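**Student:** As given, the protein sequences belong to chains A, B, C and D, one line each in that order.
When we follow my numbering, the leftmost residue of the first sequence carries the number 12, and every step to the right adds one.
When we follow my numbering, the leftmost residue of the second sequence carries the number 12, and every step to the right adds one.
When we follow my numbering, the leftmost residue of the third sequence carries the number 9, and every step to the right adds one.
When we follow my numbering, the leftmost residue of the fourth sequence carries the number 9, and every step to the right adds one.
Keep in mind that a hint or two might mislead.
A short, non-exhaustive set of chain A residues, derived as facing chain C with CB atoms under 8 angstroms [what the hints assert, rightly or not]: (1) V66; (2) A177; (3) R328; (4) S358; (5) Q359.
Keep in mind the hints are simulated off the structure, nothing from the lab.
Since we're looking at a predicted model, the values are computed, not measured.
Don't be surprised by glycine CBs; every beta carbon is placed ideally from N, CA and C.
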Amino acid sequence: MTTTHVAQFSVPFTRHLESDGTAVGALPPFAGNPVDLVPLYRGMVLARIFDAKAVALQRTGRLGTFASSLGQEAVGVGAASAMAADDVLVPSFRDQAAQLWRGVTPVELLLYWGGDERGSDFAGPREDFPISVPVASHVPHAAGIALALKLRQQARGVLCIVGDGATSKGDFYEALNLAGVWRLPLVVLVNNNQWAISVPRSAQSAAATLAQKAIAAGIPGEQVDGNDVIAVRERVALALERARSGGGASLIEALTYRLADHTTADDARRYRDDAEVSTHWHGEPVARLRAYLVSRKAWSRDDEERALADAAAEIDRAAETYLATPPQPVWAMFDHLFAALPAALASQRAQAIAGGTGDA
Amino acid sequence: MTTTHVAQFSVPFTRHLESDGTAVGALPPFAGNPVDLVPLYRGMVLARIFDAKAVALQRTGRLGTFASSLGQEAVGVGAASAMAADDVLVPSFRDQAAQLWRGVTPVELLLYWGGDERGSDFAGPREDFPISVPVASHVPHAAGIALALKLRQQARGVLCIVGDGATSKGDFYEALNLAGVWRLPLVVLVNNNQWAISVPRSAQSAAATLAQKAIAAGIPGEQVDGNDVIAVRERVALALERARSGGGASLIEALTYRLADHTTADDARRYRDDAEVSTHWHGEPVARLRAYLVSRKAWSRDDEERALADAAAEIDRAAETYLATPPQPVWAMFDHLFAALPAALASQRAQAIAGGTGDA
Amino acid sequence: MPDATLVEAINFALARAMQDDQRVLILGEDVGKDGGVFRATDGLLARFGPARVLDTPLAEVAIAGVCVGLAAQGFRPVAEIQFMGFAYATIDQLLNHAARLRSRTRGRLTCPMVLRTPCGAGIHAPEHHSESGEACFTNIPGLRVVIPSSPQRGYGLLLAAIRDPDPVVFLEPTRLYRATREPIMDDGTALPLDRCFTLREGNDVTLVGWGGVTREMLSAAERLAAEGTEAEVIDVATLVPLDAETILASVAKTGRCVICHEAPLTGGFGAEIAAQLAGPGLLSMLAPVERVTGYDTIVPLSRLERHYLPSADRILAAVRRTLSHG
Amino acid sequence: MPDATLVEAINFALARAMQDDQRVLILGEDVGKDGGVFRATDGLLARFGPARVLDTPLAEVAIAGVCVGLAAQGFRPVAEIQFMGFAYATIDQLLNHAARLRSRTRGRLTCPMVLRTPCGAGIHAPEHHSESGEACFTNIPGLRVVIPSSPQRGYGLLLAAIRDPDPVVFLEPTRLYRATREPIMDDGTALPLDRCFTLREGNDVTLVGWGGVTREMLSAAERLAAEGTEAEVIDVATLVPLDAETILASVAKTGRCVICHEAPLTGGFGAEIAAQLAGPGLLSMLAPVERVTGYDTIVPLSRLERHYLPSADRILAAVRRTLSHG
Ligand SMILES: Cc1ncc(C[n+]2csc(CCOP(=O)(O)OP(=O)(O)O)c2C)c(N)n1
Ligand SMILES: Cc1ncc(C[n+]2csc(CCOP(=O)(O)OP(=O)(O)O)c2C)c(N)n1
Ligand SMILES: [Mg+2]
Ligand SMILES: [Mg+2]
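The following block holds chain A by itself, in its conformation from the complex:
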């Protein structure tokens, strides 16, 4: 018998900041001066305060179901800060941290989660996709965008974010495989927060890592500490550079933890222990970077107070604007359906405007 080994793989893991904020070895150039990390810190704080506000609005009946990113802010901020302005973000429904960094406004996010489509017509990153609620169904879109960029020979990349649960879906895999064989400028970032609603990571796949899903697509796959914003930013930046320069697609699994309920409609105590959650507060990304900044004298208690106050003020203002935004007119549901409303629909539109009781 001949048994030979025809292919070998391994999955690397990267971390720069230990869970207590200690740096391990030399940091990447962008992090050389701790002061340069302050915007990342502020970005995470903004996301956290936004989430808290959104949850509060939901609890008081002024917002729809909302998915908090509590504890996962480093994934979004690390990734978005690694993007060039003209890269394209294709986010999932828990990626407000990345969206805010990219220039989607808190008002727009609140409008969306408050049930107003105008929230997805954001003025900032016009080519970024709106969030995808159907899990993983946006990965093919990201591949299509990446194909567009490649066909136009633009040095731009696409970043698509999905959850750990999303890696079980066929569309995730089809898109990854296609992006691999077509060498598309696509980076898929798995926000592995260990839970898909009530289903723990261990019940989602027998794969030891989610990064190794890349091997099936013939592309590089790696793990990163998802609570370490420096590591996330570094690895995503490298992957995006490779993508932009013709090196093809890759997959990054960011290891983090969902500290909140799945959404405001969820009660996580039904299926997971508070004790498990408590242990994960240790090492959460905001405290981690703060500890590092403080240890490097780049951040003070005053800075912290001011940053929190600034962020809270910004979000409060946004909430007010959101709450003061009148709903769209009834005909909005018709007027954006097609480039031009087919004649067959004119009478329905008229009927809707008449409160549904006119002639159809």
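Please build the complex by placing chains B, C and D with the ligands on the supplied structure of chain A, with the hints as guidance.
**Tutor:** Quick look at chains B, C and D with the ligands alone, frame taken from chain A:
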């Protein structure tokens, strides 16, 4: 920075018979006595003659579109001969070699390909699935059957066969992942014949091997020489034993080559060189095993003539029976739709019987 | 006789079916400890154990496809798809496999599975959580499509669906899940899967619909009664196979019909009922049939959603139009 | 003016669209060197190169989803799904994304894509190759559904579909692909996507249908003419948005209507047309509407397939029934 390697993988490849039929090292126990390999040889010959007959019937307008397995007989026969009678086969549309071995009759196969549903009501392996024309959509079924066997705590396994093209599909992957995490008694065998109609293996995936698709599902994956019936049988048997004894799912990629057109409706010269095809005639499975048997004095020219004649006679008889089988009555399309025909359909059934011109 | 909401009644039916028949299995996302995002499977894991209540990976195609394999092996899988917006991915498996396994094997293998999914708008849910896509399933031969509109009908129809030897898509209007409570007979009695339910008798006009809009039909009927117009209200319940007879008999009596559903108008299943009236029912018709449905638009997000949903007012206006004809 | 079959006309339209508009891309399985399994994309790779004609991996969901991304980026992808039996997997992408991208972003991102797929029975194809599943697509707001029935209409409608700024599902009846040849004007003229085509005028009865059955409608009309009955024959062509006006105007004239399609009866799109007749058209109706369709069964494999397909005989019988009414 810490970069560690958190997971390692490799893909083994197995071959027992060189392409010229020379054995490499010790053969597995079932192949210890060359005479015991004769049934495998006959199985491959039967499939080849069946295919030739089916193509001939199609060319003369007496069969529908047909997918020949020319050159890939070792995959089907090797795999099917590794199965226990009460294992379950979930075949693709090019798996007549496996089906014939399992006891589906040539008449049933011809009926099916001739456009008669009764061909899928085979008398032999009653739990085996009919072939799946929609590529890869049967892998979830195979997982479901495997789950059934596991829930009943039966020591039985399921073998599902797919093509190389099928490994790009989401359902293939979803089922593999699910079978992995549920440790289902499932073996998925990829018949990698290098082409999916006109799309070569290299355009299907950037993965260096298709066996490594297993890594994404956290299950063992391996390659085998798919033109070596001994190797195929051995590796599938081991995988099925592991499956039956609670060891979970696995994936085997059998490397072979499609010597024929994709189907009788295809003209492969549009997209691949004859020269490529010619090189692959060297090492094809039937000649390979014959060379080995002859070298071990287990097969003679007389044996060969008799085997060919016997197989041809069997297939000719089957073709006659097929051609003499009257079509089903019109109402067959209604009578198998539901356990009991809903009242709402009674008038349609009556109308169809009346040639469609009665009252509906 | 406990009081129950629709979602509790679904839960009772699942428990009853599992208790009565060892072959019944539950699978889906979060159906285990979490008891399903709407709690339809609450308590079943604790009661029947992990071999009968299976949390699946997040993979709808596999969920549907695994059911086909299980069903062919003699189990009676009942899968939950978390929202209808995620059930479209299963059409491939339902149409190409589940609905034809019996037919394509001439009865050798069968597919007694149920695919349950919440549907419809009206609960201020996020994007993609408010679909009424029944018309994607109603032109698939070999498939039954059922949608209950009350706790007791939910209970009885789900039991019937699970006991049915063929595949059934079972749609559950989310806005009815907790809308009302009623006393439930949890005695294992199934309801027929080929029959409409006449919820109210009347001679003047027939209101026929299903799912979420049933409440609006009933409330319109009450308001009409106050004006002296007696509406007959029919809950179709089983869309396929359709009990056209009951509807035709009603319209033969009333001569007028308003068809109501939440799904978009064009190509909606209401058209099938209208087609019955244009065909066998034509000679009964005293006025053009009216359809009061969702508009041919994407269901708006929550802020505009109520303008999309067919209201009792819209139904009333349609009834008045039919009454205005000779 | 070359003579062309339907599949050649499709090919001309694709080539024309690609030549006129750099944004037009072709993608799908075997669309490159092989030119598509029906040769609809024959020669396009050689002419336009591999950056505009892309053989995809075998993955229908990804094909549809990639189109959404391409279209949002300003390309005009035209995807081929090899057979309709494999197009159901794309409904999730079409319904949840393609059809609502414009609406959900209030026009910021749009989705001008075309998903082409051969459909229908009648060519003795293998299992799962004979579906007429248009009804799975016709209740999806934001999506156009088109099905041509002649070479020239195939040409003009496909051009229109590609130029349309919104997503279009374009169904091509396989049994018409090579059934006839006709002179084709390959001059880049598109046909309207919101209009029925009246193929034959007549005052006695309206035959309305689409796709494969158009030929049977015409042949029935000829046989009727020989008996002195003049049938008006309408090819709906664009199912959504539906040009109900043309159909209603015809039936206002004839008073009788036979609706024909190959898809199963119940919940088929023919019901929508019947619903128009039961509603706005009611007062024109002199006889119950008839539907001549595929049965509510799985399309049989080739040996019984002709018993499934609506025949001219069946259409004639239905016409006779409508004529027998007062
Ligand atoms: C296709 C699909 N199926 C089911 C759902 C319902 N659902 C919403 S979020 C979720 C879990 C997602 O888990 P994961 O991918 O890990 O992301 P996370 O929520 O943890 O960020 C599920 C099942 C959905 N949105 N889409
Ligand atoms: C889902 C689906 N898409 C497309 C097809 C059309 N088709 C039939 S066979 C085939 C290629 C299959 O290639 P592979 O999986 O390698 O199997 P092989 O034919 O080589 O045995 C295609 C695209 C199909 N049957 N099913
Ligand atoms: Mg998660
Ligand atoms: Mg192949």
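**Student:** What are the numbers of the hints the structure violates, in ascending order?
**Tutor:** 1, 3 and 4
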